[in-house]
Amino acid sequence: MKNKYKKILAVATAFAVAVAGLMIQPNRTYADGEEVELLTNRLFANMPDGWNDLPSTCTGDGAGNLTVSVPASVGTSNYSTQLTKKNIQLVPGKYYTATITLTSTVARKFQLMIQSDGSNGGNWDQQQYNDYTFSVEANTPYTFTKTFKAKKNAGVGDDNKHIYGLMMGRVDEDADACTVTISNVSFTQLSDEECSSRDAVEQESIDAANAARPWLDLSGSNLKYKILDGKDSVVTVGPRYDGASIYIAYNLAGAFSSVTLDGDAKTPGGGADYNLATSDVNDGNEHTLTVVDYYGVNSVSIKFKYVAPEESSSPAATTTSAITEPAEVFGLAVTSTAVGQIEVNWGANPTYEAAGQTYKIYLNGVESRSATTAGLQTFTGLTPGASVTVKVTAILGINETSGQTANITVMAPAVTTTPVETTTASSDGTLTSNDIAIQGFQIKTNFPEGARSTNVAFRAIGKCPSVGSTITVSGQNYTVESHGIILTLDPNGDGYRKNDEYTKADTLLDFEHPVEGQQWSYIGSSSVGSFTKGYISTSKALVAGLNNRNDGNDYYVFTISGINAYITRTFHVRAFAIVTKDENRYIVYGAKAAATSVPQIADNIYRNNKSSNIQGHQYLFDFLSNTLVANLIPTTNPYYRTTPIEYGWDGNLHEEETTTKFDGMTFVPGS
Numbered sequence: 004m005k006n007k008y009k010k011i012l013a014v015a016t017a018f019a020v021a022v023a024g025l026m027i028q029p030n031r032t033y034a035d036g037e038e039v040e041l042l043t044n045r046l047f048a049n050m051p052d053g054w055n056d057l058p059s060t061c062t063g064d065g066a067g068n069l070t071v072s073v074p075a076s077v078g079t080s081n082y083s084t085q086l087t088k089k090n091i092q093l094v095p096g097k098y099y100t101a102t103i104t105l106t107s108t109v110a111r112k113f114q115l116m117i118q119s120d121g122s123n124g125g126n127w128d129q130q131q132y133n134d135y136t137f138s139v140e141a142n143t144p145y146t147f148t149k150t151f152k153a154k155k156n157a158g159v160g161d162d163n164k165h166i167y168g169l170m171m172g173r174v175d176e177d178a179d180a181c182t183v184t185i186s187n188v189s190f191t192q193l194s195d196e197e198c199s200s201r202d203a204v205e206q207e208s209i210d211a212a213n214a215a216r217p218w219l220d221l222s223g224s225n226l227k228y229k230i231l232d233g234k235d236s237v238v239t240v241g242p243r244y245d246g247a248s249i250y251i252a253y254n255l256a257g258a259f260s261s262v263t264l265d266g267d268a269k270t271p272g273g274g275a276d277y278n279l280a281t282s283d284v285n286d287g288n289e290h291t292l293t294v295v296d297y298y299g300v301n302s303v304s305i306k307f308k309y310v311a312p313e314e315s316s317s318p319a320a321t322t323t324s325a326i327t328e329p330a331e332v333f334g335l336a337v338t339s340t341a342v343g344q345i346e347v348n349w350g351a352n353p354t355y356e357a358a359g360q361t362y363k364i365y366l367n368g369v370e371s372r373s374a375t376t377a378g379l380q381t382f383t384g385l386t387p388g389a390s391v392t393v394k395v396t397a398i399l400g401i402n403e404t405s406g407q408t409a410n411i412t413v414m415a416p417a418v419t420t421t422p423v424e425t426t427t428a429s430s431d432g433t434l435t436s437n438d439i440a441i442q443g444f445q446i447k448t449n450f451p452e453g454a455r456s457t458n459v460a461f462r463a464i465g466k467c468p469s470v471g472s473t474i475t476v477s478g479q480n481y482t483v484e485s486h487g488i489i490l491t492l493d494p495n496g497d498g499y500r501k502n503d504e505y506t507k508a509d510t511l512l513d514f515e516h517p518v519e520g521q522q523w524s525y526i527g528s529s530s531v532g533s534f535t536k537g538y539i540s541t542s543k544a545l546v547a548g549l550n551n552r553n554d555g556n557d558y559y560v561f562t563i564s565g566i567n568a569y570i571t572r573t574f575h576v577r578a579f580a581i582v583t584k585d586e587n588r589y590i591v592y593g594a595k596a597a598a599t600s601v602p603q604i605a606d607n608i609y610r611n612n613k614s615s616n617i618q619g620h621q622y623l624f625d626f627l628s629n630t631l632v633a634n635l636i637p638t639t640n641p642y643y644r645t646t647p648i649e650y651g652w653d654g655n656l657h658e659e660e661t662t663t664k665f666d667g668m669t670f671v672p673g674s
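Be aware that the sequence shown starts at 4, since it is given in my numbering, and climbs by one per residue.
Heads up, a few of these hints could be off.
Here are the simulated DSS-like cross-link-like pairs (lysine-lysine), alpha carbons at most 30 Å apart as the crow flies [what the hints assert, rightly or not]:
id, residue 1, residue 2
1, Lys-154, Lys-112
2, Lys-269, Lys-154
3, Lys-154, Lys-229
4, Lys-89, Lys-154
5, Lys-234, Lys-155
6, Lys-154, Lys-97
7, Lys-97, Lys-234
8, Lys-152, Lys-269
9, Lys-234, Lys-149
10, Lys-149, Lys-97
11, Lys-152, Lys-97
12, Lys-308, Lys-227
13, Lys-155, Lys-229
What follows is a set of in silico ranges between Cβ atoms, one per label pair, in the way DEER data are often shown [said to hold, decoys possible]:
id, residue 1, residue 2, range
14, Ala-212, Asn-68, 42 to 52 Å
15, Gly-233, Ala-180, 37 to 47 Å
16, Glu-586, Gly-78, 45 to 55 Å
17, Ala-341, Thr-473, 24 to 34 Å
18, Gly-78, Gly-368, 43 to 53 Å
19, Arg-500, Gly-350, 32 to 42 Å
20, Asn-367, Ile-401, 19 to 29 Å
21, Gly-471, Asp-177, 51 to 61 Å
22, Thr-381, Trp-218, 42 to 52 Å
23, Asn-410, Ala-341, 14 to 24 Å
24, Ser-222, Gly-350, 16 to 26 Å
In short, the hints are calculated from the structure, not lab data.
In this text, a Cβ means the ideal position worked out from N, Cα and C, and glycines have one as well.
Start from the sequences, fold in the hints, and give me the full structure.
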């Protein structure tokens, strides 16, 4: 083929953040009773000498003072101007005191943050839970001090790498340019004696609070219980007495890493719940049940005690036969993997099945089948291509639950037809097609044990007629050579789409300047800041589960990660194809671009219970509530969340919305 290009874009090399290797500070041993200083070069001599991220305007006098000219923080991030000390090792359970003195020429806010080093194997988790933001008055020295107990970070070992960092960018509000003098920097590990003393005081306070908590009746039994440490909200169901067992569900990541009763190990189940044998706690003594979440970070303890029948206001103990109300089904999943067939799968509490609970499956509102146990049911002989609404309910006696519902399109056989002209020439000269589109988005939540990431990752899924097929425009046939995705980062980051500055031109490519000798990766000019990027898919990007539909289309994905710095910005994404005719190449764009933000995608998946497991569901809540990464989502964002939703799932493809990748992010075909 001749090397002719018509309406082709300029090629850009792939980009990613390069992180310099950092040496790990060796473990240190301390004399008994010693308070240990973890910072070096506290006098700011021989700068930088161990200090990182120094603004070019830093000057140190070698006598303990560092002067920094800080630019205005309008529209920036807190870390846009910062001073950090890296490779600090913390010991979980030990106490630390961080101190710094600041004098600023203008009144403004700063942050002193101790956090896991996400660029050096950590997860950006903050050690300081609260009160790390402080205000200073103009030309008035202010000393900020914070003492805290080091926690273990999910997915990070005990020798984790931490950062002592002063954030001088935008902290909660815009601020004018200023000159800041920094002194009295210190970060110390308290002596073992002081740590023990503080632990004793803390434990005494915890014990007193737990002792004061009232005992609650465990309905239907001769037991009472109380949830310790004020964590009642974490226990979402129960404790609920079911005769031979006590069922408890938690708002924690499951399956649990450990379950203990009075310190003795029990076998965890497969989710964020536990069935405690009644016989284990019904012996007249007090017992403590403790569960620890999947990541080994969060835990909840519940105490149980037996109360003699004459002392208890509760009804006498019952058995499973006393259960009269059905328990709702959960985890409904509906798929179609063969022509004219769907598969329906769901879960339920086995205690209720033992009491006689059964199930009904409705297709499009009509009862189609009954089942005595939860699990997989296959329906065949359905109309190919038909849309089906599936509902599964639980039945016990004359009572029926409201059920869970899911929609599915029944797989249809492949149809071979002559090309239909769905592609047209727009008034601006571009070619567009309704057959080329963004199919949906997925957020990664299924992290392996111990590897939960604070860098949000998700995939954009494109659809295009298969490579080698024909697409028609204005009576002219073109052959699809390759396909890809174009994405644009909008300046708007408040979560409200009405404030976007995007125009159609922002997802069109600079096709007049081809660069040879590189893979098909493109950059286009954008009216909102040159943020348009284009990527050609490869065979690795094809999605087998979607391509086996045999509908004449290719479905391809791009995985996007490392977008925390742009987390609330609006992304606009458009699919496109490179087509050929008469030895010339052209671009055909999808007729529509999809738009969304990462919090919007997470909210849709979380709010509609689409995570595939409890770990993913909890991950999304932690992300939206700033528990995963503090202050990642402003509380003014419409998708910021403070209240959890009970877990359930129904697939996690987020339709008709989008997300992407820019400078400082990683955008990988397939993956």
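- Task: Against the structure, test the hints numbered earlier, and report the numbers of the ones violated in rising order.
- Result: Result: no hint breaks.
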